[in-house]
Each structure stands twice: as C-alpha cells, then as structure tokens.
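Colleague: Sequence:
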Amino acid sequence: MDRDQYHQIKKTSDLVKKALQNDNLSVDERQRLEISQAQMSGYLCSTWLPVGIGRKSVMVALLIIGIYGVVIDKPIIAVCWLLVPLFSPRLVGEFLLMIGTIKSTR
Numbered sequence: 002m003d004r005d006q007y008h009q010i011k012k013t014s015d016l017v018k019k020a021l022q023n024d025n026l027s028v029d030e031r032q033r034l035e036i037s038q039a040q041m042s043g044y045l046c047s048t049w050l051p052v053g054i055g056r057k058s059v060m061v062a063l064l065i066i067g068i069y070g071v072v073i074d075k076p077i078i079a080v081c082w083l084l085v086p087l088f089s090p091r092l093v094g095e096f097l098l099m100i101g102t103i104k105s106t107r
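Okay, so the sequence shown: first residue is 2 according to my numbering, each after it adds one.
Please keep in mind that the hints were generated in silico from the structure rather than gathered at the bench.
Some hints could be false.
[Claimed, not checked] Lysine to aspartate or glutamate pairs mimicking EDC-like chemistry, simulated, CA-CA at most 16 Å apart:
#1 11 <-> 35
#2 19 <-> 3
#3 18 <-> 35
#4 19 <-> 35
#5 57 <-> 3
#6 18 <-> 30
[As the list claims (entries may be wrong)] Pair by pair, the computed Cβ-Cβ distance ranges are:
#7 10 <-> 98: 27 to 33 Å
#8 69 <-> 98: 30 to 36 Å
#9 25 <-> 91: 32 to 38 Å
#10 32 <-> 72: 52 to 58 Å
#11 83 <-> 55: 29 to 35 Å
#12 39 <-> 8: 16 to 22 Å
#13 12 <-> 32: 40 to 46 Å
#14 59 <-> 98: 45 to 51 Å
#15 8 <-> 32: 35 to 41 Å
#16 86 <-> 32: 15 to 21 Å
#17 106 <-> 71: 34 to 40 Å
#18 10 <-> 32: 17 to 23 Å
#19 47 <-> 26: 24 to 30 Å
#20 86 <-> 37: 43 to 49 Å
Being a predicted model, the structure only gives us computed values, none of them experimental.
Quick reminder that beta carbons are idealized off the backbone N, C-alpha and C, glycines included.
Modelling step: build the complete structure from the supplied sequences, incorporating the hints.
Modeller: Below is the structure:
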C-alpha cells in the first residue's frame, strides 16, 4: 500500500467513524458502517512497515542504535531493539487484538 492509498483509506475511515456517532442511523445502516469500519481498520493495520518517511526513519535509527549497543556491549543502548516493533502497524494491531481477546474472555 502506498502513502496516497493509506491517507485515502484513513480519511474514509474517519468519515465513517464520524457517521457512526450519529444517533439517527437505522440498525441496518449502522451495521453496514461498522463492518466497513472494521474492514478499513484491518486494511490500515495490515502493513508491516510504517507509512511515512519520518516514521520509517525513526524505526531505522532505533534499529541502528540497537545494533550499535549490541556491538559495544551496552545493554542499556541495546534496549532500543525493543522499541522497533512499536512502529509496525501490523504487530501493534495483532498485539491489541490479542489483548482484546484476552479481556473479552474474562
């Protein structure tokens, strides 16, 4: 997915979210909008790499700093490796889905 597609889907998702806040929707319309919202959210969270050069740059910088920390044997710097997955929409989405599943079963 390229940057333009991402922003278009994000904009449409925001419009659907705003429409869902309207109280005078029929049950069928609300259900259709909720399904659309879920599909768009899944599509937005399906990419492994972040969208945008800024986020990708920060992710690569943390990766390089983590590698440097491992090479010079400084564990406090090597902790940067743990932050790299936070930039992946897919990994964050999967983690939140797992937490939601665990909380809903309790």
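Colleague: For every hint, state whether the structure bears it out.
Modeller: Now for the hints, and whether the structure bears them out:
no., hint, verdict
1, 11 <-> 35, "15 Å, holds"
2, 19 <-> 3, "25 Å, violated"
3, 18 <-> 35, "8 Å, holds"
4, 19 <-> 35, "11 Å, holds"
5, 57 <-> 3, "13 Å, holds"
6, 18 <-> 30, "13 Å, holds"
7, 10 <-> 98: 27 to 33 Å, "19 Å, violated"
8, 69 <-> 98: 30 to 36 Å, "33 Å, holds"
9, 25 <-> 91: 32 to 38 Å, "36 Å, holds"
10, 32 <-> 72: 52 to 58 Å, "54 Å, holds"
11, 83 <-> 55: 29 to 35 Å, "20 Å, violated"
12, 39 <-> 8: 16 to 22 Å, "19 Å, holds"
13, 12 <-> 32: 40 to 46 Å, "22 Å, violated"
14, 59 <-> 98: 45 to 51 Å, "24 Å, violated"
15, 8 <-> 32: 35 to 41 Å, "27 Å, violated"
16, 86 <-> 32: 15 to 21 Å, "34 Å, violated"
17, 106 <-> 71: 34 to 40 Å, "38 Å, holds"
18, 10 <-> 32: 17 to 23 Å, "20 Å, holds"
19, 47 <-> 26: 24 to 30 Å, "27 Å, holds"
20, 86 <-> 37: 43 to 49 Å, "28 Å, violated"
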